[in-house]
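Single-letter residue listing:
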Amino acid sequence: MASAHVFDRLSAFLDDELDPVASGEVSQHLESCPDCSAALARQRELGENLRRDLEYHRAPDLLRARVMRDLRAAGRRDAVRSRPAAQAWRWLGAAAAVIAVGGGTWIVATLPRERPDAATAREAVSGHIRSLMANHLTDVASTDQHTVKPWFSGRLDFSPPVTDFAAANYPLVGGRLDYLQGRPVAALVYMHRMHVINVFVWPMSDAHEGIAPALTQRGFHVIHGTRAGMAYWVVSDLNAEELAAFAQLLAAPSGKP
Amino acid sequence: MTHEESRETTGPEPHLSPRERERFDECVLPYLDAAYNLARYLLRDGDQAEEAVQEAFLRAIRHFGGFRGADGRAWILSIVRNTCFTQLRRRRSGGAMVEFDEEAHSLEAELSAPEADLARAIASESVHEGLGRLAAEFREALVLRELEGLSYKEIAHVMGVPIGTVMSRLARARKQLLLALGAGAKESV
Numbered sequence: 024m025a026s027a028h029v030f031d032r033l034s035a036f037l038d039d040e041l042d043p044v045a046s047g048e049v050s051q052h053l054e055s056c057p058d059c060s061a062a063l064a065r066q067r068e069l070g071e072n073l074r075r076d077l078e079y080h081r082a083p084d085l086l087r088a089r090v091m092r093d094l095r096a097a098g099r100r101d102a103v104r105s106r107p108a109a110q111a112w113r114w115l116g117a118a119a120a121v122i123a124v125g126g127g128t129w130i131v132a133t134l135p136r137e138r139p140d141a142a143t144a145r146e147a148v149s150g151h152i153r154s155l156m157a158n159h160l161t162d163v164a165s166t167d168q169h170t171v172k173p174w175f176s177g178r179l180d181f182s183p184p185v186t187d188f189a190a191a192n193y194p195l196v197g198g199r200l201d202y203l204q205g206r207p208v209a210a211l212v213y214m215h216r217m218h219v220i221n222v223f224v225w226p227m228s229d230a231h232e233g234i235a236p237a238l239t240q241r242g243f244h245v246i247h248g249t250r251a252g253m254a255y256w257v258v259s260d261l262n263a264e265e266l267a268a269f270a271q272l273l274a275a276p277s278g279k280p
Numbered sequence: 003m004t005h006e007e008s009r010e011t012t013g014p015e016p017h018l019s020p021r022e023r024e025r026f027d028e029c030v031l032p033y034l035d036a037a038y039n040l041a042r043y044l045l046r047d048g049d050q051a052e053e054a055v056q057e058a059f060l061r062a063i064r065h066f067g068g069f070r071g072a073d074g075r076a077w078i079l080s081i082v083r084n085t086c087f088t089q090l091r092r093r094r095s096g097g098a099m100v101e102f103d104e105e106a107h108s109l110e111a112e113l114s115a116p117e118a119d120l121a122r123a124i125a126s127e128s129v130h131e132g133l134g135r136l137a138a139e140f141r142e143a144l145v146l147r148e149l150e151g152l153s154y155k156e157i158a159h160v161m162g163v164p165i166g167t168v169m170s171r172l173a174r175a176r177k178q179l180l181l182a183l184g185a186g187a188k189e190s191v
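Listed in order, the protein sequences are those of chains L and D.
Residues in the first sequence are numbered from 24 upward in steps of one, following this note's numbering.
Residues in the second sequence are numbered from 3 upward in steps of one, following this note's numbering.
Isolated chain D, as found in the complex:
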């Protein structure tokens, strides 16, 4: 846990040569908005998202020398999401590392609902509120897919999981969101 908490700012001085800086401006910097948007949906707080993104960019600057890939967007987004999840884990469990368990994050309703009950799902509750009820891992999948328009392969790269996991996570995220929206509609009647 201690290394989790050590801030990047305490590491060696980040340094970019002029050439690296140009490459950084071209490959990574254009995704600052995407980075903030993801952090904002994961952390659900503007100030914390700003802090996480700045920390992630510092990390990116420090490790940019080792970046050889072509996909700067997936690269920076993976750093951003890891930074955010480190924060979320601290919040969730006082710092202990907890592996995300998709089954444990099922809505109760999901387990018992016949598929037909999903029928009236899209309703009055805003999708924003519905999204807020989902586990961060599901929000992440939906934001990367629907707002960033990433392919499953790119999402897998960002999350650091196999494509099959992306597939099942998105399927579950959509199912849960439909349920959350449906449940919200019932409550508000």
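Okay, chain L solo, but in the shape it has when bound:
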């Protein structure tokens, strides 16, 4: 096969978007053609550079607020208030199922009949948005759990468990103090790709252990769980599946906190 013919297909080959026959032809050609192999390597390197260096522009909060306003206006003519959504629960069921597979120390609670604490979820989402808006994501910026955890002592009357999940591509990036439910809470900040995840943690001794189905609020996903006497509220714009996977890590960190 001619080099030029293969050269035009390298890009699709790299993306694994060629049909098996064409892909086989390219593979075979690459074995004997250093020029095409080098070209493929450059394209691969280009992709890595793009993904590493290009900024992912997140929607500014003002834009988000405008879109939410338009959405509210679009719903206004209808007098019926939005009720807890059977729809909205669906992925949460999936999230709970994922966590059930992970097992660990979290007990998977049955889905409660009533809506989970929507007010807390709203506060958690507001805290998440504030952290992005005010350029105040972290008070202590560190990927080291042994730096972040001690930072909280003396600032809070409890010691939140802090685990870095960098190995699973959810690196810890820091922590800060926040204020939810009328009390100071620990906010742990993680990243997944370009997405920020806020985990709000505070003691909750009376709650039974388990993970509640969470919800979607203002375009953010919220997952809530209780473990070892601590309430966890996880907020992110990350997609539901990956956020559920993260909640699973929180639910059963490999090393015990």
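Just so you know, the hints here were simulated from the structure itself, not pulled from any lab data.
Some hints here could point you the wrong way.
Claimed, not checked - Pulled a few chain L residues facing chain D out of the computed Cβ check, cut under 8 Å:
1. Glu40
2. Arg65
3. His80
Said to hold, decoys possible - Ranges between beta-carbon positions, derived for each pair:
4. Pro194/L <-> Ser170/D: 22 to 30 Å
5. Asp76/L <-> Asp49/D: 19 to 27 Å
6. Asp49/D <-> Pro43/L: 42 to 50 Å
7. Val44/L <-> Ser170/D: 15 to 23 Å
8. Ser128/D <-> Arg145/L: 37 to 45 Å
9. Ser128/D <-> Ala191/L: 27 to 35 Å
10. Asn84/D <-> Pro43/L: 47 to 55 Å
11. Gly177/L <-> Lys155/D: 31 to 39 Å
12. Arg46/D <-> His159/L: 22 to 30 Å
13. Val44/L <-> Asp49/D: 25 to 33 Å
14. Arg21/D <-> Ala251/L: 22 to 30 Å
15. Ser128/D <-> Leu155/L: 23 to 31 Å
16. Arg178/L <-> Gly162/D: 48 to 56 Å
17. Pro20/D <-> Ala142/L: 43 to 51 Å
To be verified - Computed footprint of chain L on chain D; a stretch qualifies when at least three of its residues, placed anywhere within it, have a C-beta under 8 Å from a C-beta of chain L:
18. 26-36
19. 39-53
20. 134-144
21. 149-160
All C-beta atoms in this analysis are idealised placements derived from N, C-alpha and C, irrespective of residue type, glycine included.
Position chain D against the provided structure of chain L, taking the given hints into account.
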């Protein structure tokens, strides 16, 4: 051209029932960041990107009743890119509709460069600057592929073109970007 310029805000009142609103929150709203990111790379201006995304979401709200598909991301991104390209066409040619011609958007160097000249391509110039030199259609393909991680099928859906066009456009976009980066490196020496 006149219908191109008519703003969605002048149309009938957008309306969503509570059920539709829930579905919108689930299927479309999570991609607000993706929408803004795409608009930002297409228009290369923060304010214009915000305006385009808000307009696109209004359009999406208005037409959401007709959305039956499963892929809310591709759906909203296609509305966003169409909104952006409408703006770009106004900029480019005072409003006239111009079909994108891939051949016409070849870098001169691309036509004459032997493949070997691509060898020193990835260099000091930032990929961001290099990307900025490409035609919007090529930037779009690269952003959807590299930053959003969409499949060719999904990209085809967003752009409204056949998969084969996605394939050739990405190939050309990568080639041109490699050349642009290489050229930048030479200039900066």
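Tested hints:
A least Cβ separation of about 5 Å between Glu40/L and chain D falls short of the 8 Å threshold, and the interface hint therefore holds. About 6 Å separates the beta-carbon of Arg65/L from the nearest beta-carbon of chain D, less than 8 Å, and the hint is met. This hint holds: His80/L has a C-beta 4 Å from the nearest C-beta of chain D, less than the 8 Å allowed. Distance hint check for Pro194/L and Ser170/D: the Cβ-Cβ separation is about 37 Å, which falls outside the suggested range of 22 to 30 Å.
Taking the beta carbon of each, Asp76/L and Asp49/D are about 24 Å apart, inside 19 to 27 Å as hinted. Our hint of 42 to 50 Å for Asp49/D and Pro43/L holds, since their Cβ atoms are close to 47 Å apart. As the Cβ distance of Val44/L to Ser170/D is approximately 19 Å, the hint placing it in 15 to 23 Å holds. Remark: the range hint 37 to 45 Å for Ser128/D to Arg145/L is upheld by a beta-carbon distance near 40 Å.
Separated by about 30 Å at the C-beta atoms, Ser128/D and Ala191/L satisfy the suggested range of 27 to 35 Å. Under the hint 47 to 55 Å, the C-beta atoms of Asn84/D and Pro43/L, about 34 Å apart, miss the expected range. Between Gly177/L and Lys155/D the beta carbon distance is about 54 Å. The supplied range of 31 to 39 Å is therefore violated. Between Arg46/D and His159/L the beta carbon distance is about 28 Å. The supplied range of 22 to 30 Å therefore holds.
Separation of Val44/L from Asp49/D is about 48 Å and departs from the stated range, judged on CB atoms against 25 to 33 Å. Between Arg21/D and Ala251/L the CB atoms are about 39 Å apart, so this pair departs from the stated range of 22 to 30 Å. A hinted range of 23 to 31 Å holds for the C-beta pair Ser128/D and Leu155/L, which are about 25 Å apart. Taken as a hint, the range 48 to 56 Å holds for the pair Arg178/L and Gly162/D, whose Cβ atoms sit roughly 53 Å apart.
Between Pro20/D and Ala142/L the Cβ separation comes to about 20 Å, which falls outside the hinted range of 43 to 51 Å. Counting residues of the segment 26-36 of chain D whose C-beta lies closer than 8 Å to any C-beta of chain L gives 7; at least three are required, and the coverage claim holds. Three residues within the 8 Å Cβ limit are the bar, and the segment 39-53 of chain D against chain L gives 6, so the coverage statement holds. For the segment 134-144 of chain D, the proposed coverage by chain L is not satisfied: 1 residues have a C-beta within less than 8 Å of a C-beta in that chain, short of the threshold of three.
For the segment 149-160 of chain D, the assignment as covered by chain L holds, since 3 residues bring a beta-carbon within under 8 Å of that chain's beta-carbons and 3 suffice.
Checked against the numbered hints above, the structure violates hints 4, 10, 11, 13, 14, 17 and 20; every other hint is satisfied.
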